[in-house]
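There are 2 protein chains.
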Amino acid sequence: MRDVAVVGVGETAFGEHWEKSLRDLSVAAGVAAIRDAGIEGADIEAMYIGNMSGGRFAGQEHLAALAADQSGLVGIPSTRVEAACASGGLAFRQACLAVASGRYDIVIAAGAEKMTDLQTVDVTTTLMGAGDQEWEGWLGMSFPGLYALMARRHMYEYGTTKEQMALFSVNGHKNAVLNPNAQFRFEITVEDVLKSALVADPLRLLDCSPITDGAAAVIVASKDIAKKFKNPIWLLGSGQATDALALHDRKSLTSLRAAKIAAKQAYKQSRTVPEKIDVAEVHDCFSINGLIALEDLGFCGVGKSGKFIEEGNIKRGAAVSINTSGGLKAKGHPVGATGVSQIVEIVKQLRGDAKKRQVHADFGLTHNVGGSGATVVVNILGKDPIER
Amino acid sequence: MRDVAVVGVGETAFGEHWEKSLRDLSVAAGVAAIRDAGIEGADIEAMYIGNMSGGRFAGQEHLAALAADQSGLVGIPSTRVEAACASGGLAFRQACLAVASGRYDIVIAAGAEKMTDLQTVDVTTTLMGAGDQEWEGWLGMSFPGLYALMARRHMYEYGTTKEQMALFSVNGHKNAVLNPNAQFRFEITVEDVLKSALVADPLRLLDCSPITDGAAAVIVASKDIAKKFKNPIWLLGSGQATDALALHDRKSLTSLRAAKIAAKQAYKQSRTVPEKIDVAEVHDCFSINGLIALEDLGFCGVGKSGKFIEEGNIKRGAAVSINTSGGLKAKGHPVGATGVSQIVEIVKQLRGDAKKRQVHADFGLTHNVGGSGATVVVNILGKDPIER
Numbered sequence: 002m003r004d005v006a007v008v009g010v011g012e013t014a015f016g017e018h019w020e021k022s023l024r025d026l027s028v029a030a031g032v033a034a035i036r037d038a039g040i041e042g043a044d045i046e047a048m049y050i051g052n053m054s055g056g057r058f059a060g061q062e063h064l065a066a067l068a069a070d071q072s073g074l075v076g077i078p079s080t081r082v083e084a085a086c087a088s089g090g091l092a093f094r095q096a097c098l099a100v101a102s103g104r105y106d107i108v109i110a111a112g113a114e115k116m117t118d119l120q121t122v123d124v125t126t127t128l129m130g131a132g133d134q135e136w137e138g139w140l141g142m143s144f145p146g147l148y149a150l151m152a153r154r155h156m157y158e159y160g161t162t163k164e165q166m167a168l169f170s171v172n173g174h175k176n177a178v179l180n181p182n183a184q185f186r187f188e189i190t191v192e193d194v195l196k197s198a199l200v201a202d203p204l205r206l207l208d209c210s211p212i213t214d215g216a217a218a219v220i221v222a223s224k225d226i227a228k229k230f231k232n233p234i235w236l237l238g239s240g241q242a243t244d245a246l247a248l249h250d251r252k253s254l255t256s257l258r259a260a261k262i263a264a265k266q267a268y269k270q271s272r273t274v275p276e277k278i279d280v281a282e283v284h285d286c287f288s289i290n291g292l293i294a295l296e297d298l299g300f301c302g303v304g305k306s307g308k309f310i311e312e313g314n315i316k317r318g319a320a321v322s323i324n325t326s327g328g329l330k331a332k333g334h335p336v337g338a339t340g341v342s343q344i345v346e347i348v349k350q351l352r353g354d355a356k357k358r359q360v361h362a363d364f365g366l367t368h369n370v371g372g373s374g375a376t377v378v379v380n381i382l383g384k385d386p387i388e389r
Numbered sequence: 002m003r004d005v006a007v008v009g010v011g012e013t014a015f016g017e018h019w020e021k022s023l024r025d026l027s028v029a030a031g032v033a034a035i036r037d038a039g040i041e042g043a044d045i046e047a048m049y050i051g052n053m054s055g056g057r058f059a060g061q062e063h064l065a066a067l068a069a070d071q072s073g074l075v076g077i078p079s080t081r082v083e084a085a086c087a088s089g090g091l092a093f094r095q096a097c098l099a100v101a102s103g104r105y106d107i108v109i110a111a112g113a114e115k116m117t118d119l120q121t122v123d124v125t126t127t128l129m130g131a132g133d134q135e136w137e138g139w140l141g142m143s144f145p146g147l148y149a150l151m152a153r154r155h156m157y158e159y160g161t162t163k164e165q166m167a168l169f170s171v172n173g174h175k176n177a178v179l180n181p182n183a184q185f186r187f188e189i190t191v192e193d194v195l196k197s198a199l200v201a202d203p204l205r206l207l208d209c210s211p212i213t214d215g216a217a218a219v220i221v222a223s224k225d226i227a228k229k230f231k232n233p234i235w236l237l238g239s240g241q242a243t244d245a246l247a248l249h250d251r252k253s254l255t256s257l258r259a260a261k262i263a264a265k266q267a268y269k270q271s272r273t274v275p276e277k278i279d280v281a282e283v284h285d286c287f288s289i290n291g292l293i294a295l296e297d298l299g300f301c302g303v304g305k306s307g308k309f310i311e312e313g314n315i316k317r318g319a320a321v322s323i324n325t326s327g328g329l330k331a332k333g334h335p336v337g338a339t340g341v342s343q344i345v346e347i348v349k350q351l352r353g354d355a356k357k358r359q360v361h362a363d364f365g366l367t368h369n370v371g372g373s374g375a376t377v378v379v380n381i382l383g384k385d386p387i388e389r
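Residue numbers (the numbering used here), protein chains in the order written: chain A, 2 to 389; chain B, 2 to 389.
Please note that a few of the clues may not be correct.
Copies of the same chain look alike in the list, so a pair counts if it fits in one copy or across any two.
[To be verified] Below are the SDA-like pairs computed for lysine to any residue, each with C-alpha atoms no more than 25 Å apart in a straight line:
hint: 1; residue 1: K21; residue 2: W139
hint: 2; residue 1: K252; residue 2: Q71
hint: 3; residue 1: K265; residue 2: S102
hint: 4; residue 1: K228; residue 2: M2
hint: 5; residue 1: K175; residue 2: D279
hint: 6; residue 1: K356; residue 2: I40
hint: 7; residue 1: K265; residue 2: E46
hint: 8; residue 1: K224; residue 2: G103
It should be emphasised that the hints constitute simulated quantities derived from the structure, not laboratory data.
Using the sequences and the hints given, assemble the complete structure.
The following block contains the structure:
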């Protein structure tokens, strides 16, 4: 298999785009990535696009052909992949695999979601399709409910506090102020979080990622091609794994087994260890999932994430700069786009293109979770390819 | 890239499975394929599953993790792919690419759709998500309507008759009688078709594929592994292409550009020509699409498909045995499963396992169409690998 690098990135602003449709967002991100790479559309040989619920949100399936068509790439093979909120991470992985295989030299990976226009049911009901509909959804469970169970158990087992969880959101909002594409560009305090409306005890409104429209895209190229670009960022390792879809079938409520498997694969392939990672985008759909991510990825010990955050270790420039983009909470969470958008941020950090939120970074990691953890994708990127 | 072979196939009966859910069908097909291959679940390293509208039909997205979990394969990377009615074809292609790349040795490709239980809107509205929702669906167009336009134009340009189209359905039903997994195991006549209820002029009920529940799965392995199996069937060539999603953006209504591109790729890779294909499963979602397939795949000249059928060329054992399984019309069309089910039939024919419907076959082809032709996947399989 061949080495692969990211040679172009693009994304829309994240937020409520009442005047734009799913196709508009997809095309805007794709065009931005093509421009950033400095290539022509005709150079792109295949497309992968992550989207969770275009069918339910907008009545639109078959998004891959639509996005190719509307971007002027009609004819190329274009494939939609879906694993709930990890759809974008899978699109990136499939694009990298397609290039690594030798089948294609230049491939675009995109992710898009339009969540504000609803054709059928409400957003929370639609998102429950990411969990076990028969055994969780139809019995009244929602995603805030599932993550509330995980939070309660983490508090019970490790003494984690609401204040520690709140600090994860506080960190994201602080970073989002510096990200022009973020949905919420204002700071919040722990007190703001603890006073915000209760959603599913112990999770409050400011523990929860918002409803967002947005899209992101990256151009992936083979080693020989990538070397001709100014600033290629290399995929050093990638892992993908699954777990039981229903939370009640899991062995643990306080750790995602799929994240640990995926992280192990990514660290091994990339010949890195958690201590080498400078910057990471982790999947804080709810604040508790940010804490669990820190433990599953090995940034801190099991049950120690609350303390780790309290001690300032996730701030920009600290032990590991977490969610410099603002993360799902503050940058926003257009579910199908999130995994690709995480790659966009890490590439910008590794290139030195992250402007006011730039940190020193040689190695970056993305952690993208589907549903309550039944799919997890972990990627590790770096400034230089691995010498093999 | 490495050669790839199919070493196991399985499927459920196609029909109305009121007592089975999407997960039940997925698992049943997967288990059947694993048993057919004579392997253990633990031998499978990754899964791809094609499904069009689990979200809209059953409220269930994230099917890849669910299918892996419920099949006892929890942990492995599992990816849902979607391109409307070509979702199954894409799942097979991605599985083959994953093995060809060298990343995995044994991968399962599945397809599943549960269309009889509806959570939100009716089937025809849901299926319109395969077309351009904004510019076709919301203006009142349906899939029978789109294919009716194509049929009318084919009749206008080439003098194709309703009787000739009806013969495509007659052929499928005749074959389905011999397929224990087919939904409609009875013969029909041209007169039956012409007397059936008008759906979208000139298409009548018996020109249209039915609403079906079902699933199919195949096990794909690398050359070295496959050689250890009793009767591996080799993927010789595979093509995938896109076209404009909306019919009004196409250059032709009587030919699918994506089918021609995909077929060209598959013929070239497989070093075959249309004349060498003995048996083909083509995507007759509506009878007219069967006719167009014969032309796009090069089995007959442009505009000559009606005559070609009339002269008996698509019957079992004739010039090319078309839809020995019964095809979408008579075997049934659980949209996400169809592309994989086509592979199942071709593998059975090439193995000599097709029992009463067996034809002489050295080379077989599958033709899987998404929507009104915006995605097409063509695969060519054979008894022996290509000597490279």
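Subject >> Contradicted hints - numbers only >> reply: The structure conflicts with no hint, since it agrees with every one listed earlier.
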